[in-house]
Amino acid sequence: MHIAEGYLPPLHAAAWTVVAAPFVVHGARAVVRQVRADPDSKLLLGAAGAFSFVLSALKIPSVTGSSSHPTGVGLGAILFRPPVMALLGTIVLTFQALLLAHGGITTLGANAFSMAVVGPWTAYGVFVLVRALGGGLSVGVFLAAALANLATYSTTSVQLALAYPDAASGVLGAIVKFGSIFAITQIPLAVSEGLLTVLVVRLLRQVSLPELTRLGVFRRPAVSVKEA
Amino acid sequence: MSRFSLVNWLLVLAVVVLAAVPLVFVDSETGFGGADGLAAERIEAENPGFAPWATPVFEPGSETASGLFALQAAVGAGFLGYFFGAARTRRRLTRHALGPDDPA
Chain A
219 MHIAEGYLPP LHAAAWTVVA APFVVHGARA VVRQVRADPD SKLLLGAAGA
269 FSFVLSALKI PSVTGSSSHP TGVGLGAILF RPPVMALLGT IVLTFQALLL
319 AHGGITTLGA NAFSMAVVGP WTAYGVFVLV RALGGGLSVG VFLAAALANL
369 ATYSTTSVQL ALAYPDAASG VLGAIVKFGS IFAITQIPLA VSEGLLTVLV
419 VRLLRQVSLP ELTRLGVFRR PAVSVKEA
Chain B
19 MSRFSLVNWL LVLAVVVLAA VPLVFVDSET GFGGADGLAA ERIEAENPGF
69 APWATPVFEP GSETASGLFA LQAAVGAGFL GYFFGAARTR RRLTRHALGP
119 DDPA
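The listed protein sequences derive, respectively, from chains A and B. Residue numbers are given in my numbering: position 133 of the first sequence equals residue 351, and the series is strictly consecutive. Residue numbers are given in my numbering: position 79 of the second sequence equals residue 97, and the series is strictly consecutive.
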């Protein structure tokens, strides 16, 4: 989902930066607040960031004959809520933009919005929903991480389509066009990301059960079915 | 092997299979080039005369890049390993303090 340096027109690049910036600033404050309120969770927070760091370095071959990578933002979003991942995900993207020429500084806003904002919020929303509907922990974690991955790449397709609408079929046609580059490639990767996130949560439950309980990971949100 | 470890290893195996199957059975024209690059090529192909208006500040050669990707993964995995080691030890010590009879 890394839009390469200089590939978004200046106006789009600036607009996405403006859109993503408040989320990242809010995320930075959320990290500070989290560490102050619960200093013992600092290591786990680092581990959530490290997970995203590892996964986004792994380019995995897919069935379409091209490679892509997981994002690893679902884990942190489930454990610490999405704002925290807005900062951690953006740090990962900045590292890759500056040192690996993967992504870019002009496209950092757009990439941060897809991977560090839309991805984590999708993960969190899906997780809460699955748990509220009575789904198990692993099912919730799997769907959250996998759908966060797909949502990230769908957002990238929309961003590219807005910048480069199709001559004949407009923005919608372009969404389909860019989506087709990513979608099928991304499905096995989303599954891999889901499985890896489930694995890490299983291991975490084994070694730091009290922390996960304190963070409310096992809490089942009350189902609020509105009676019409 | 406990059921816990078995499921964990099966999860690892599934991920390895998902990555290995395309490598073995799919004949890639691009040698499994990145999907990000495909999107960029598409833009160039459909917008003649397109040139990115910014270029990366620093662009490592492919050898250096592979090293930096490995470094990124190593830093992340290193920290995760440290975390799990620390958490495991802490759990063991707490258990020990709570009940000396506990075999763990």
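Hints are computed from structural coordinates only; laboratory data are not their basis. Just to be clear, a hint being listed does not mean it is correct.
[Stated by the list, open to error] Now the stretches of chain B that chain A is said to cover, found in silico as 3 or more residues with beta-carbon under 8 Å:
{"hint": "1", "segment": "28–42"}
{"hint": "2", "segment": "46–56"}
{"hint": "3", "segment": "59–68"}
{"hint": "4", "segment": "78–90"}
{"hint": "5", "segment": "97–106"}
[Stated by the list, open to error] Taking lysine to any residue and the SDA-like style, the derived pairs with C-alpha atoms no more than 20 Å apart in a straight line are:
{"hint": "6", "chain 1": "A", "residue 1": "Lys395", "chain 2": "B", "residue 2": "Leu86"}
{"hint": "7", "chain 1": "A", "residue 1": "Lys260", "chain 2": "B", "residue 2": "Thr107"}
{"hint": "8", "chain 1": "A", "residue 1": "Lys260", "chain 2": "B", "residue 2": "Tyr100"}
{"hint": "9", "chain 1": "A", "residue 1": "Lys395", "chain 2": "B", "residue 2": "Val42"}
{"hint": "10", "chain 1": "A", "residue 1": "Lys395", "chain 2": "B", "residue 2": "Glu64"}
{"hint": "11", "chain 1": "A", "residue 1": "Lys277", "chain 2": "B", "residue 2": "Gly85"}
{"hint": "12", "chain 1": "A", "residue 1": "Lys260", "chain 2": "B", "residue 2": "Ser80"}
{"hint": "13", "chain 1": "A", "residue 1": "Lys277", "chain 2": "B", "residue 2": "Trp71"}
{"hint": "14", "chain 1": "A", "residue 1": "Lys260", "chain 2": "A", "residue 2": "Glu429"}
{"hint": "15", "chain 1": "A", "residue 1": "Lys395", "chain 2": "A", "residue 2": "Val281"}
{"hint": "16", "chain 1": "A", "residue 1": "Lys395", "chain 2": "B", "residue 2": "Gly85"}
{"hint": "17", "chain 1": "A", "residue 1": "Lys277", "chain 2": "B", "residue 2": "Gly103"}
{"hint": "18", "chain 1": "A", "residue 1": "Lys260", "chain 2": "B", "residue 2": "Gly55"}
{"hint": "19", "chain 1": "A", "residue 1": "Lys395", "chain 2": "B", "residue 2": "Ser80"}
{"hint": "20", "chain 1": "A", "residue 1": "Lys277", "chain 2": "B", "residue 2": "Thr48"}
{"hint": "21", "chain 1": "A", "residue 1": "Lys277", "chain 2": "B", "residue 2": "Thr107"}
{"hint": "22", "chain 1": "A", "residue 1": "Lys277", "chain 2": "B", "residue 2": "Glu64"}
{"hint": "23", "chain 1": "A", "residue 1": "Lys277", "chain 2": "B", "residue 2": "Tyr100"}
[As the list claims (entries may be wrong)] Reference excerpt, derived from the structure (chain A facing chain B, CB under 10 Å, subset only):
{"hint": "24", "residue": "His220"}
{"hint": "25", "residue": "Glu223"}
{"hint": "26", "residue": "Ser280"}
{"hint": "27", "residue": "Ala319"}
{"hint": "28", "residue": "Trp339"}
{"hint": "29", "residue": "Ile393"}
Backbone N, C-alpha and C define an ideal beta-carbon position, used for all residues, glycine too.
Hint check:
no.: 1; hint: 28–42; result: holds (count 9)
no.: 2; hint: 46–56; result: holds (count 10)
no.: 3; hint: 59–68; result: holds (count 4)
no.: 4; hint: 78–90; result: holds (count 6)
no.: 5; hint: 97–106; result: holds (count 7)
no.: 6; hint: A:Lys395 with B:Leu86; result: violated, 32 Å
no.: 7; hint: A:Lys260 with B:Thr107; result: holds, 17 Å
no.: 8; hint: A:Lys260 with B:Tyr100; result: holds, 13 Å
no.: 9; hint: A:Lys395 with B:Val42; result: violated, 27 Å
no.: 10; hint: A:Lys395 with B:Glu64; result: holds, 12 Å
no.: 11; hint: A:Lys277 with B:Gly85; result: holds, 14 Å
no.: 12; hint: A:Lys260 with B:Ser80; result: violated, 35 Å
no.: 13; hint: A:Lys277 with B:Trp71; result: violated, 26 Å
no.: 14; hint: A:Lys260 with A:Glu429; result: holds, 11 Å
no.: 15; hint: A:Lys395 with A:Val281; result: holds, 18 Å
no.: 16; hint: A:Lys395 with B:Gly85; result: violated, 33 Å
no.: 17; hint: A:Lys277 with B:Gly103; result: violated, 27 Å
no.: 18; hint: A:Lys260 with B:Gly55; result: violated, 36 Å
no.: 19; hint: A:Lys395 with B:Ser80; result: violated, 29 Å
no.: 20; hint: A:Lys277 with B:Thr48; result: holds, 14 Å
no.: 21; hint: A:Lys277 with B:Thr107; result: violated, 33 Å
no.: 22; hint: A:Lys277 with B:Glu64; result: violated, 26 Å
no.: 23; hint: A:Lys277 with B:Tyr100; result: violated, 24 Å
no.: 24; hint: His220; result: holds, 5 Å
no.: 25; hint: Glu223; result: holds, 5 Å
no.: 26; hint: Ser280; result: holds, 6 Å
no.: 27; hint: Ala319; result: holds, 4 Å
no.: 28; hint: Trp339; result: violated, 22 Å
no.: 29; hint: Ile393; result: violated, 12 Å
In summary, the structure is inconsistent with hints 6, 9, 12, 13, 16, 17, 18, 19, 21, 22, 23, 28 and 29 from the numbered list given earlier, while agreeing with the others.
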